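Engineer: Residue numbers (the numbering used here), protein chains in the order written: chain A, 1 to 266; chain B, 1 to 266; chain C, 1 to 266.
Everything labelled a hint here was simulated from the structure, so no lab data went into it. Since the model is a prediction, treat every value here as computed from it, not as a measurement. Hints are supplied without guarantee of correctness; some may be wrong.
Note: identical chains are not told apart, hence a pair may lie in one copy or across any two.
[Stated by the list, open to error] Here are the simulated lysine-lysine pairs, DSBU-like style, with alpha carbons at most 30 angstroms apart: (1) Lys2 with Lys167; (2) Lys229 with Lys192; (3) Lys229 with Lys143; (4) Lys105 with Lys85; (5) Lys2 with Lys118; (6) Lys214 with Lys118; (7) Lys105 with Lys229; (8) Lys118 with Lys192; (9) Lys85 with Lys117; (10) Lys80 with Lys228; (11) Lys105 with Lys118; (12) Lys118 with Lys167; (13) Lys2 with Lys117; (14) Lys214 with Lys80; (15) Lys143 with Lys63; (16) Lys254 with Lys143; (17) Lys192 with Lys117; (18) Lys214 with Lys117; (19) Lys105 with Lys214; (20) Lys80 with Lys229; (21) Lys167 with Lys192; (22) Lys228 with Lys2; (23) Lys2 with Lys143; (24) Lys214 with Lys85.
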Amino acid sequence: MKPPLITLLTDFGTRDPFVGMMKGVLLGICPGARLVDLSHETPPQAVTTAAFLLRSSIDYFPKGTVHLAVVDPGVGSARKAIALKSRGRFFVGPDNGLFSAALQKWGIEQVVELTEKKYQLPGPSPTFHGRDIFAPAAGYLAKGVPLARLGAPTNNWIWREIPRPFKSPQGWNGEVLWVDRFGNLVTNLEEKHLLSPKLRKAGSPNFLRLRIGKTVILSLITHYAQAKKGTVAALLGSSGNLEICVNGGNAAQKLRAGVGNPVFLT
Amino acid sequence: MKPPLITLLTDFGTRDPFVGMMKGVLLGICPGARLVDLSHETPPQAVTTAAFLLRSSIDYFPKGTVHLAVVDPGVGSARKAIALKSRGRFFVGPDNGLFSAALQKWGIEQVVELTEKKYQLPGPSPTFHGRDIFAPAAGYLAKGVPLARLGAPTNNWIWREIPRPFKSPQGWNGEVLWVDRFGNLVTNLEEKHLLSPKLRKAGSPNFLRLRIGKTVILSLITHYAQAKKGTVAALLGSSGNLEICVNGGNAAQKLRAGVGNPVFLT
Amino acid sequence: MKPPLITLLTDFGTRDPFVGMMKGVLLGICPGARLVDLSHETPPQAVTTAAFLLRSSIDYFPKGTVHLAVVDPGVGSARKAIALKSRGRFFVGPDNGLFSAALQKWGIEQVVELTEKKYQLPGPSPTFHGRDIFAPAAGYLAKGVPLARLGAPTNNWIWREIPRPFKSPQGWNGEVLWVDRFGNLVTNLEEKHLLSPKLRKAGSPNFLRLRIGKTVILSLITHYAQAKKGTVAALLGSSGNLEICVNGGNAAQKLRAGVGNPVFLT
């Protein structure tokens, strides 16, 4: 039998032992589980960013995976704790829209509110549901406890969209969703927002007209090394999103751009 | 049978492959062990801070866990290498007080000095006992080698207290022990230092009078989102310690405070 | 049977879920594999630095280990994807010299170019071979697929040396290869570049004459705590390389030195 797989996505960082404690709880409940960190460095409390990163990652994990995600500015308040099922995978975390982007892609099969105290640590801390409520739920799901046992079914949960590009007479108005480690600006524009398939020849000099600030990018490349060193270029990145990059450099620094920065595709 | 669990706590950071090498040694000796990182980002050589983080974490790991901790400014000098047993868990690392805080909570059953060369890498480097002495010891303990086989029993080890609050006529004088990723100031004040149980109603406006620098905090909240955005508040955090926080902000930055900063509870 | 072990070394950082996605692919293919991170924080696209860190690490992993390394400025370009075998271990990554330093130490048994589509994700992204080509190859090797099945044997691959010290009439001219987390400057000078064995007594005050910038170091210590607090000293570090350190301080900051900085041993 395959060992169960649990991924972790949080904004807890790795300086604090918060993630380690969650893993202790997970392995205490399901000692055979395999744990994979997606990221613990999403900007503190940035639910939409985390939702985007989660959506980008889920295709690469097998059926049965439990995705535990805790970016939770409302911890301890009235916000619900939930677990969902979709395509044979499970999602566990706060009810604040963190899973909307993933589920928009995949659909939802079943949602429960994590109300069953038996599957929580006793006396959960009002400031650390990741350890005391979400990790136990994920551990029991990985162990094979059916979703329905963790709490009451609910049809009432928060849906939070990742900003989508909108159309204007001049073209598509998008924005930067994420700046990766290399300074590449990952936008919410995708292949479908590009011009007609006929024009979709990579490298064709008039292929696109992408504007960010005062910079206009006119050609689409297929990989970073294709651009001249130091020049700003655009490509369809590994998540399927249009990215702005600088070969051998840092686009975010060069263009002084970051998350939320508008981009125009004309 | 449950796979053995080993946690790692160091100040080695994750840029260098130091921790990876230790894990290679651990899995070479005990291939079935599960490894959990507590933190590798404690401030370099800050033994007391690491001791506090370890104490905060141990309750969340099952019996049989081996806690390997290496914050070791005296590596290669005359300081001893030790392993301890407490409540069915093992602790392995330098004899510099790193385990005192954990053991103050749990008591000590057995201590040995890691003198048995057979359970070390041959020719241990004088600058990396983590890899050459402590990782092998932890690996063999996880594999089931009895503690007593790793070296000679000893009753002579270093005890180092985490600073405790002290009482003055005005109340308790505490200090900041740790600044977490969110900028929350974790103090050494605990619930027992607060006023009488009668006054311990969360949110009661006169519940406490906590001073840090020129800032006075008058109410205790139960979770971060309960405070007004941007205001300084106090709560009992997930480790049981009184924390100073700013909802949606960073208390350490706002108050320009850090580890060692005094706090007064009157 | 021992679970297979895969190490990961990249410049992807841990903010992005890139490494997590690779681990999803690895565990999807080889669910029993044990994964160990060597480092994901090598400077972006610094192939030589990564090669040095890999060489420093491989001795600590057992036979059968698969070393997956992706520092890949040429991703998507004509550079080949390769896998190699040496001393019963496997190496998987881009053909850009990343493995030369390790193999210079160990020799090479077998090299293949990763041409077999069956052992790749379908439609590999031109910007993320780590996830789509290298992780699958490493996963299948860990699962026991023979190296020769992954592609065509090749005798044509890129060799890239780590800078070696060179001799001048005054002595050895070396350089800094790496600055570790503590600010220690790890040089390419090794024990063999030091003076005659007779003079190799640690702590002997005239043991060496090491110059970096305007600073001259005259004694070799054996461990950090042996130096006076705050003074610059030199020792043979845990990787066998001569290191410049400051006990209780940061040599890189104190000497304003970094990777590439020349050092002279006279």
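Engineer: When Cα atoms must be at most 30 angstroms apart, do Lys229 and Lys192 count as within-copy, between-copy, both, or neither?
Structural biologist: within (28 angstroms within a copy, 40 angstroms between copies)
Engineer: Give the relationship of Lys118 and Lys167 under a CA distance limit of 30 angstroms: within one copy only, between copies only, both, or neither.
Structural biologist: neither (50 angstroms within a copy, 41 angstroms between copies)
Engineer: 30 angstroms Cα cut-off: does Lys214 pair with Lys85 within a copy, between copies, both or neither?
Structural biologist: Intra 44 angstroms, inter 50 angstroms, cutoff 30 angstroms: neither.
Engineer: How would you label the pair Lys214, Lys118 (within, between, both, or neither) given a Cα cut-off of 30 angstroms?
Structural biologist: So Lys214 and Lys118 fail the 30 angstroms test inside a copy (57 angstroms) and across (45 angstroms) alike.
Engineer: Given a CA cutoff of 30 angstroms, do Lys80 and Lys228 count as a within-copy pair, a between-copy pair, both, or neither?
Structural biologist: between (50 angstroms within a copy, 20 angstroms between copies)
Engineer: Have a look at Lys192 and Lys117 and pick one of within, between, both or neither, based on CA distance no larger than 30 angstroms.
Structural biologist: Between. Shortest inter-copy distance 27 angstroms satisfies the 30 angstroms Cα cut-off; intra-copy 46 angstroms does not.
Engineer: If the cut is 30 angstroms between Cα atoms, do Lys2 and Lys143 qualify within a copy, between copies, both or neither?
Structural biologist: both (12 angstroms within a copy, 13 angstroms between copies)
Engineer: Please work out whether the CA atoms of Lys228 and Lys2 approach to 30 angstroms or closer within one copy, between two copies, in both situations, or in neither?
Structural biologist: Neither way: Lys228 and Lys2 sit 46 angstroms apart in one copy and 47 angstroms across, limit 30 angstroms.
Engineer: Is it within, between, both, or neither for Lys80 and Lys229, if the alpha carbons may be no more than 30 angstroms apart?
Structural biologist: The answer is between: 21 angstroms across copies meets 30 angstroms, while 49 angstroms in one copy does not.
Engineer: When Cα atoms must be at most 30 angstroms apart, do Lys85 and Lys117 count as within-copy, between-copy, both, or neither?
Structural biologist: within (20 angstroms within a copy, 32 angstroms between copies)
Engineer: Within a copy, between copies, both or neither: which one fits Lys2 and Lys167 at a CA-CA cutoff of 30 angstroms?
Structural biologist: Answer is neither: 46 angstroms inside a copy and 56 angstroms across each miss the 30 angstroms cutoff.
Engineer: 30 angstroms Cα cut-off: does Lys105 pair with Lys214 within a copy, between copies, both or neither?
Structural biologist: neither (34 angstroms within a copy, 51 angstroms between copies)
Violated hints, listed in ascending order, are 1, 3, 6, 7, 12, 14, 16, 18, 19, 22 and 24; each of the other numbered hints is respected by the structure.
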